[in-house]
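So the protein sequences, as listed, match chains S and G. So in numbering that gives the first Met the number 0, spot 339 of the first sequence is number 338, and the numbers just go up one at a time. So in numbering that gives the first Met the number 0, spot 44 of the second sequence is number 43, and the numbers just go up one at a time.
One should not assume that every hint holds.
Claimed, not checked - Example chain S residues on the side facing chain G (calculated, C-beta under 10 Å, incomplete):
1) Ser-8
2) Asn-9
3) Tyr-81
4) Thr-86
5) Gly-92
6) Phe-113
7) Arg-120
8) Lys-141
9) Ala-155
10) Phe-156
11) Lys-319
12) Lys-320
Unchecked claim - Pairs of lysine-lysine residues, derived as BS3-like cross-links and limited to a Cα-Cα distance of at most 30 Å, are as follows:
13) G/Lys-55 - S/Lys-323
14) S/Lys-313 - G/Lys-35
15) G/Lys-37 - S/Lys-330
16) S/Lys-319 - G/Lys-55
17) G/Lys-323 - S/Lys-37
Don't read these hints as lab results, they were simulated from the structure. No residue lacks a Cβ here, since even glycine has one placed at the ideal position from N, Cα and C.
Protein chains: 2
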Amino acid sequence: MKQLTINTSNQSYPVYIGNNILEEAPDLLGSFLDDKSKALIISDTNVSELYGDKLKRILEPILPVSIITVPNGEHSKSMASYEKLLTACIEQGLDRQSVIFALGGGVIGDLAGFSAATYMRGIPFVQVPTTLLAHDSSVGGKTGINHPLGKNLIGAFHQPSAVLYDTGTLTTLPDEEWRSGFAEMIKHAYIQDPDFLHWLKENVKTIADIKTDKIRQFLKRSIAVKAEIVKEDEREAGIRAFLNFGHTLGHALEKTSGYDGQITHGEAVAAGMVFAMRLSNELGISAWNVSEEINWLKSLNYPVEAPSQYSAQKLINAMKKDKKASAGNIKFVLLKEPGRPLLYTIDEKLLIELLTNDQRGMTRND
Amino acid sequence: MKQLTINTSNQSYPVYIGNNILEEAPDLLGSFLDDKSKALIISDTNVSELYGDKLKRILEPILPVSIITVPNGEHSKSMASYEKLLTACIEQGLDRQSVIFALGGGVIGDLAGFSAATYMRGIPFVQVPTTLLAHDSSVGGKTGINHPLGKNLIGAFHQPSAVLYDTGTLTTLPDEEWRSGFAEMIKHAYIQDPDFLHWLKENVKTIADIKTDKIRQFLKRSIAVKAEIVKEDEREAGIRAFLNFGHTLGHALEKTSGYDGQITHGEAVAAGMVFAMRLSNELGISAWNVSEEINWLKSLNYPVEAPSQYSAQKLINAMKKDKKASAGNIKFVLLKEPGRPLLYTIDEKLLIELLTNDQRGMTRND
Numbered sequence: 000m001k002q003l004t005i006n007t008s009n010q011s012y013p014v015y016i017g018n019n020i021l022e023e024a025p026d027l028l029g030s031f032l033d034d035k036s037k038a039l040i041i042s043d044t045n046v047s048e049l050y051g052d053k054l055k056r057i058l059e060p061i062l063p064v065s066i067i068t069v070p071n072g073e074h075s076k077s078m079a080s081y082e083k084l085l086t087a088c089i090e091q092g093l094d095r096q097s098v099i100f101a102l103g104g105g106v107i108g109d110l111a112g113f114s115a116a117t118y119m120r121g122i123p124f125v126q127v128p129t130t131l132l133a134h135d136s137s138v139g140g141k142t143g144i145n146h147p148l149g150k151n152l153i154g155a156f157h158q159p160s161a162v163l164y165d166t167g168t169l170t171t172l173p174d175e176e177w178r179s180g181f182a183e184m185i186k187h188a189y190i191q192d193p194d195f196l197h198w199l200k201e202n203v204k205t206i207a208d209i210k211t212d213k214i215r216q217f218l219k220r221s222i223a224v225k226a227e228i229v230k231e232d233e234r235e236a237g238i239r240a241f242l243n244f245g246h247t248l249g250h251a252l253e254k255t256s257g258y259d260g261q262i263t264h265g266e267a268v269a270a271g272m273v274f275a276m277r278l279s280n281e282l283g284i285s286a287w288n289v290s291e292e293i294n295w296l297k298s299l300n301y302p303v304e305a306p307s308q309y310s311a312q313k314l315i316n317a318m319k320k321d322k323k324a325s326a327g328n329i330k331f332v333l334l335k336e337p338g339r340p341l342l343y344t345i346d347e348k349l350l351i352e353l354l355t356n357d358q359r360g361m362t363r364n365d
Numbered sequence: 000m001k002q003l004t005i006n007t008s009n010q011s012y013p014v015y016i017g018n019n020i021l022e023e024a025p026d027l028l029g030s031f032l033d034d035k036s037k038a039l040i041i042s043d044t045n046v047s048e049l050y051g052d053k054l055k056r057i058l059e060p061i062l063p064v065s066i067i068t069v070p071n072g073e074h075s076k077s078m079a080s081y082e083k084l085l086t087a088c089i090e091q092g093l094d095r096q097s098v099i100f101a102l103g104g105g106v107i108g109d110l111a112g113f114s115a116a117t118y119m120r121g122i123p124f125v126q127v128p129t130t131l132l133a134h135d136s137s138v139g140g141k142t143g144i145n146h147p148l149g150k151n152l153i154g155a156f157h158q159p160s161a162v163l164y165d166t167g168t169l170t171t172l173p174d175e176e177w178r179s180g181f182a183e184m185i186k187h188a189y190i191q192d193p194d195f196l197h198w199l200k201e202n203v204k205t206i207a208d209i210k211t212d213k214i215r216q217f218l219k220r221s222i223a224v225k226a227e228i229v230k231e232d233e234r235e236a237g238i239r240a241f242l243n244f245g246h247t248l249g250h251a252l253e254k255t256s257g258y259d260g261q262i263t264h265g266e267a268v269a270a271g272m273v274f275a276m277r278l279s280n281e282l283g284i285s286a287w288n289v290s291e292e293i294n295w296l297k298s299l300n301y302p303v304e305a306p307s308q309y310s311a312q313k314l315i316n317a318m319k320k321d322k323k324a325s326a327g328n329i330k331f332v333l334l335k336e337p338g339r340p341l342l343y344t345i346d347e348k349l350l351i352e353l354l355t356n357d358q359r360g361m362t363r364n365d
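If we strip away everything but chain S, and leave its shape as in the complex, we get (with noise of 0.2 Å):
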């Protein structure tokens, strides 16, 4: 088992990384579960009808638990679940002397997070994540759900108590569910760890080499460029805004395909990567051999340009409306190199010109 620890302004926590470690909750929860005096269980659907049940078991001995559901899939990060959720803690008698257990992916994670953020002005909760790409958003305390006008407009920073990952629960996902989180720790690595970015390449050629015992050593690797930046800037006042790298253009064509499934979180990321490394290359604060990038991402099927059926347009009035753009001006984490992430707000007319360029597979600089 591998174990980091968080450190936030005002709390730290731990994140175990193990094969079955789920069997082990009580004893790695340790004391945080003697003075709780419920635990409620939030799932989805299909997480919940494989590790639903053996979580409660796990838990029951300690403590009361219950279990909530709700469907699988991004509908659910609506603010009609999030109600139905908050109905769940107050018929179950939560106090804030209790716990409530994200089991799920990022909808479960940032669904539930919300929930017990605000549910008594604030209650612990544990994030125990089932996919790839959840290893991203379990850790950090970013919590929210999705208005009608937009992705995760509604949110509140809460850090989970505790972060337990097991990834026995991960053999389960299919290879679109580890391609897409996969795309988490390129990105972690491109912006922060060359020497991992350089380990990544060597080891990784098809999706498959993910799938290995590796995956604990990446993960821990990955969460730990998260944790480092996290600890610098908890409420992404300032360097937290670089893990948004790729995600400018990757959110807006998530958007503009309408969460539908036609386009992966991390396929998204993945096109936005080549697309900032070339914005960086043309705006010239960086030499980036983008064709070599594009070659390794292609060979793990990841897209390397915005789909040509979105308007250059449409994407960038996506843009606009994200939550890190500011009285309209779009902001691009660029990269100088691995390693080295760069804040831009940049011109609309240059981002149609290469939008258009890269849907057309053309580039100045490949």
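Given the structure of chain S, go ahead and fit chain G onto it with the hints provided.
What follows is chain G alone, placed relative to chain S:
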């Protein structure tokens, strides 16, 4: 004009108290507004009619301002109003550099504050209280909305960036509102400031006595008590619970009456304070001359016992669902003497007996 500073672990902010200081808002807020992109004034229909356009006119030379209103009254502290306000934030193009002004009483402060706390995971807001009761709720960062199953069960701690208390806005309040707000002042005096309590008893014989220029001194002193407690315990992990003096029964009375205006918050708290003093005597931790306290509160037209139409069992069931209850245990703030509060878990049987006596106007100690 009077001024205080509220200090919490992560930030400090000013409270300005003065007659007609709305006009001075740009000067008072000073550099805080300099980097703000937009302002949204959130108010209720009544208050907006009186002061909405005025505040908009005052702020407009500095930054773009829009107004959104919800109906007057507690019913607006709902999930539906919350969602409506978040939609307005998005539609008005608010970003993380924008600011929300909460113009109104406690309902607006809580609702607008919770919107600010959770829009894009938190944007700044300024409290502009227009009731006496809001002198309490506008300071300290508690924000929230009601759930059909309980009051204030959904919320967040989110400190305002400033509090602008224009006592000119109080002149339009009916006596009932002055009385309701004054109860929180009395509470602050009881739990922490015996000299203030003495001063109030000497100077305030009827409600008319608070509707004078002295109100600004009273406000400063009362807010100073709250500031001291919030500084020590922002997140209600310890002594902040003392602010709940009079509120265990008070909240239960409000809840049981259905928040329909039969009993104001301050009236419920007044009855609750008297009950807590009786309970303190009953448990042998104090020797209040309860009749003396009752006489003063009666002269101000406060109820001094729980109205007999609410069954003791119903009130106790409501207490058990309070946020401060833990595993169904009912907690009371008791008073050894003015300035010496204590937090006690109280046996349900004793409560039933005392409540029944209270409602019959019978107690052993007065």
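Against the structure, the hints come out as follows:
At about 7 Å, the closest approach between the beta carbon of S/Ser-8 and any beta carbon in chain G falls short of 10 Å, and the interface hint on this residue holds. Taking 10 Å as the C-beta cut-off, the interface hint given for S/Asn-9 holds, the closest approach to chain G being about 7 Å. Taken as an interface hint, S/Tyr-81 checks out: its beta carbon lies about 9 Å from the nearest beta carbon of chain G, inside 10 Å. Restraint check, S/Thr-86 versus chain G: the minimum CB separation of about 7 Å is within 10 Å; hint holds.
Evaluation of the S/Gly-92 hint against chain G yields a held restraint, the C-beta minimum of about 7 Å falling below 10 Å. This hint holds: S/Phe-113 has a C-beta 8 Å from the nearest C-beta of chain G, less than the 10 Å allowed. At about 4 Å, the closest approach between the beta carbon of S/Arg-120 and any beta carbon in chain G falls short of 10 Å, and the interface hint on this residue holds. With its C-beta approaching chain G no nearer than about 7 Å, S/Lys-141 sits inside the 10 Å limit, and its interface hint holds.
This hint holds: S/Ala-155 has a C-beta 6 Å from the nearest C-beta of chain G, less than the 10 Å allowed. Contact between S/Phe-156 and chain G, as hinted, is supported at the beta carbon level, the nearest pair being about 6 Å apart and thus within 10 Å. The criterion of a C-beta within 10 Å of any C-beta in chain G is met by S/Lys-319, whose closest approach is roughly 9 Å, and the hint holds. Contact between S/Lys-320 and chain G, as hinted, is supported at the beta carbon level, the nearest pair being about 8 Å apart and thus within 10 Å.
Proximity of G/Lys-55 to S/Lys-323 is assessed by CA-CA distance (about 27 Å); at most 30 Å being required, the pair is judged to hold. The hinted pair formed by S/Lys-313 and G/Lys-35 meets the criterion: a straight-line CA distance of about 27 Å does not exceed 30 Å. Pair hint G/Lys-37 plus S/Lys-330 holds up; C-alpha atoms about 19 Å apart against a cutoff of 30 Å. A distance of roughly 26 Å separates the Cα atoms of S/Lys-319 and G/Lys-55; the hinted pair therefore holds under the 30 Å criterion.
Between G/Lys-323 and S/Lys-37 the CA atoms are separated by roughly 15 Å; this keeps the pair inside 30 Å, and the hint holds.
Violation of the numbered hints given earlier is absent; every hint is satisfied by the structure.
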